[in-house]
Amino acid sequence: MKKSKKFHAAFDLNKAVAEWSQRLKRTGALEDGMIAELQAHLMDEVEDLVGQGKSPKEAFREATASVESVDVIGREYYKTYARGLFATPPQRSSGLTPALFLNSIKVSFRKMRQQKWYSLISITGLAVGMACSILIFLWVRSELSYDRFHNNAGNIYRVIMEDNLNDALSVHPWLPFPLGPALQNEFPEIAAVSRWRPDDMVVRYKEKAYTEMDFLTVDPSFFKIFSFPFLQGNPAEALANPNSIVIRDTMAKKYFGSEDPIGKVLNLSGRADLAVSGVVHIPDESDFQFDFFFSFQSYPLFNVDLAPLEANWYGKNYHVYLLLQKNSSAALLEKKISGFLKPRTPGLNQVLRLQKLSRIHLYNPDGSDGAMRYVRIFSLVAGFILLIACVNFMNLATARFEGRAKEVALRKTLGGTRGQLIRQFFGESFLHSGLAMVAAVLLVEFALPVFNQITGCRLSLDFTQIDLLFGLATVVVLAGFVSGLYPALFLSAFAPARIIKSFSHRGRHGSLFRKALVVFQFTLSTMLIIGTLIVNSQVSFIMKRDLGIAKENIVYHLMQKKTRDSVQVVREELLKHPDIMSIASCSSLPSNIQSWIGYVDWNGRSPKNKIFPAFMSVDHDFVTTAGLTIVKGRDFSRSRPTDAKSFIINETAFRQIGAENPIGLELRFWNQKGQIIGVVKDFTNRHMSSATAPMILNAGNWGASRSYLLLRLRPGNPTSALNHFRQVWEKTNPGFPCEYEFLDEAFDRMYTNEQRLTWIFLSFAVLAIIVSCLGLIGLSSYTAEEKTKEIGIRKVLGASPWKIISLFSTNFTKLVIIANAVAWPAGYAVMHRWLQDYAYRTTIGIWVFILAGILGLFITLLSVGYQTLRAATANPADSLRYE
Amino acid sequence: MISKALVAASTKPLLLSILLDGETYGYRIIKQMKILSGGHLEWSFGMLYPVLHRLEKNGFITSKWKASDKGRLRKYYRLTDAGHRELEREKIQWLTINEVFTRLWKSSEVRP
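Here the protein sequences come in this chain order: A and B. Residues 1 to 883 in this note's numbering are what the first sequence lists, from first letter to last. Residues 1 to 112 in this note's numbering are what the second sequence lists, from first letter to last.
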């Protein structure tokens, strides 16, 4: 009993009740008044229970047990007092608090207004970066979609040849004429075959006549293999009749306007009449950008005999496309056909391979990257620029958010959880990146026409495409996520007390992080500058390189048969004009050789020495007119009739033949033979990415017809001479259009791709730099603002504005120097690899790097300078007023 | 036991009815209700007090802190005029339902 009493005494009811109500209070679920009432209730119950004979302790325990969990009570109370339907009690952090969400948005917009400068810079920067990557995305997508629309795309292959010449391997798609049908006869897994050869002709319909460069001769099954959409006519039957021709929709409009084109007869170069049997649409995303299609079966109509062609296994002038049977293996077929040419072309080592249709646009026949290289490079560049933009965005966001540490502290003090803060910061970055995307889309809409014009692409922004929308959304989310990451994770972790108590919440941590980001983006921009400079230097190198041909002041015109036959008359008429210095005709333009000799023999040729020269049929005046230089022997001469069977070769051919004195050496090919009478200095005869091809010129009427007329004009104003040319042309070619062109333009066209590339690189480099600059400006103005007081004190203590500017610029300059140290070797490595594609390449000079460095530094100082100058010239009294 | 839905629906009229006898406090209300229902209706105070607060907020009852005879503070609740009117409305509804039940069950007894 004594013990029990002692036990009773040990239990202090008042203390227990006080503790109990303290516990209620701590949960934050109940207000003081409610707790007091609950406490009164508890006491009543305890008294009652004690009155029933229970000990105070037991009574207390029983009474408190009957009280449900505090949370339940709190929620019941809250229901009574809640203001809104979705409101949640303050003691419970909710997943979604609409009121708070609205508040976050309000704060975001308020902050944007308050920090107009930062917001503008960061959103603009991100928008430019996004616009840039959208453009590249559109381009890449278009590149990757070439010729994928054909129904049988997966089963279409191009036959390519591994040509082993003098131990040098050349992989190309040029094949002998009889190959296609022969393959189809032998291998049942081939469902259809079409050969392919480009051509050019003068097309005439009634009074309309134009020179057309985009003819394609194919086999009738061409439109069965490829599913180009026909607007009129039946694809399967369109070319069955040798008298028929299929034309592109744009040509139908050009020649027939609103008339029905079907059945209309087109005259081709005055040689054959073909009736239109179909109108086809060629999508932009196809490598078959041709305007007219007719069959090889029509050749006899042009007076071209098919029999010798069908027997010629050495000529290599045709592409061959195969449609495989469904379920047949291309790899297996490739094995079977690889040695197909061996027995037919004794002495040559030619291996056949297959290239899938979808790879043709992107890869070279030998499997190396073609357009794919640029797809890769530009995807990388797009990624870079987007990354720079995001890094900046993040950088600025970090700077902006750090100024908001107090807001973080206040929100936390008022019960904001870290989760809510993380959501708020991410929400804000998403808002910004969303706004940037809207701006970017507008920018792209404006920039697309210009971009298309410069690059020759036909891109468009079509929002009905799911992948585009998905891509845009991904970019918004990624940019928002990346830029919100730092504030969301670091700032939200701040302990409020530390922030409010001390002012030094801006640790070294953040500034080091920002510096790293600045270095990173400057490395990327510097690499882009280096890339632009080197691409530019390479392009001007190949453009200015001695072509070995005096391409200026030469005008050329395509001739049809009638002019060719009367070329002597035309020539005499033309030469009457004093400004026309000389005239020549040739079978192809030096910038675009169309004829190749597959096999050349001479006495004393070692069996291993095989050469594969380009062939050009020219007249006696060609060497003078084109301005070639004879380095050995002599030019063709009209006074020596035997010259019709003689050859002039170029230096490359001379080197490859390997004879000590080539003059007088007899060459044999195409069942003909003749002597070498001269050697000309090499002149460019194909794209600069390949070395000059060996070449044989012949002044007889061999092989190819001489359909180009070249006129060398006196330097100066060509107007009078051209007028004379037009008059003569119209007189001798009534009804045929006079459409001359300058040869240097034709050469320049060879480098359209390179020039475009320079443009693209340049624009991207400029964009990247703009984006980086915006970042720097933002960052420097932030630093200047942060250090207003420091600047004030320095000025009071006697520092000159210059001193202050240099103090601030040094910091950024250091970063730029570090960036250069990284960018130089990286840029060198990348560009060195790119240059390997060219047979003739510029040397990468150190000046490129120095220039890039100076440019980077200059831009940095310019962007940093303005903000710093503003800070440095400010009156210290203003900044120190509160001290 | 009485179902949760019915408890929820009847709390308000029951509370107002208890207060007809004059002012009282939470613990006594619970006890009284237990006795009146023969132990079938046992209100938890986690439910009672929020309801009292709500009724007060609606203006049907008022409250006052008063010292008990032992000197402890208790919150006493009392019906207001609005509370009386509200109770009249409730009464009509409950009586109507009661009448319907009575008739229904009577007729079902008569039928056989």
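Take the hints with a grain of salt, since some may be wrong.
What the hints assert, rightly or not - Cβ-to-Cβ under 8 Å is the rule here; a few derived chain A residues that face chain B:
| no. | residue |
| --- | --- |
| 1 | Glu-31 |
| 2 | Ile-35 |
| 3 | Glu-37 |
| 4 | Met-43 |
| 5 | Val-72 |
| 6 | Ile-73 |
| 7 | Glu-76 |
| 8 | Tyr-77 |
| 9 | Pro-578 |
| 10 | Met-581 |
Hints are computed from structural coordinates only; laboratory data are not their basis. Only a predicted model underlies this, so the values are computations on that prediction, with no experimental measurement involved. Beta carbons are placed, not taken as given, at the ideal position from N, Cα and C, and that holds for glycine.
Each hint, compared with the structure:
1. Glu-31: At 10 Å from the nearest chain B Cβ, Glu-31(A) fails the 8 Å test, so the hint is violated.
2. Ile-35: violated, 11 Å
3. Glu-37: Constraint on Glu-37(A) satisfied, holds at 5 Å.
4. Met-43: holds, 6 Å
5. Val-72: holds, 6 Å
6. Ile-73: holds, 4 Å
7. Glu-76: holds, 4 Å
8. Tyr-77: holds, 5 Å
9. Pro-578: Interface hint status for Pro-578(A): violated (111 Å vs cutoff 8 Å).
10. Met-581: violated, 108 Å
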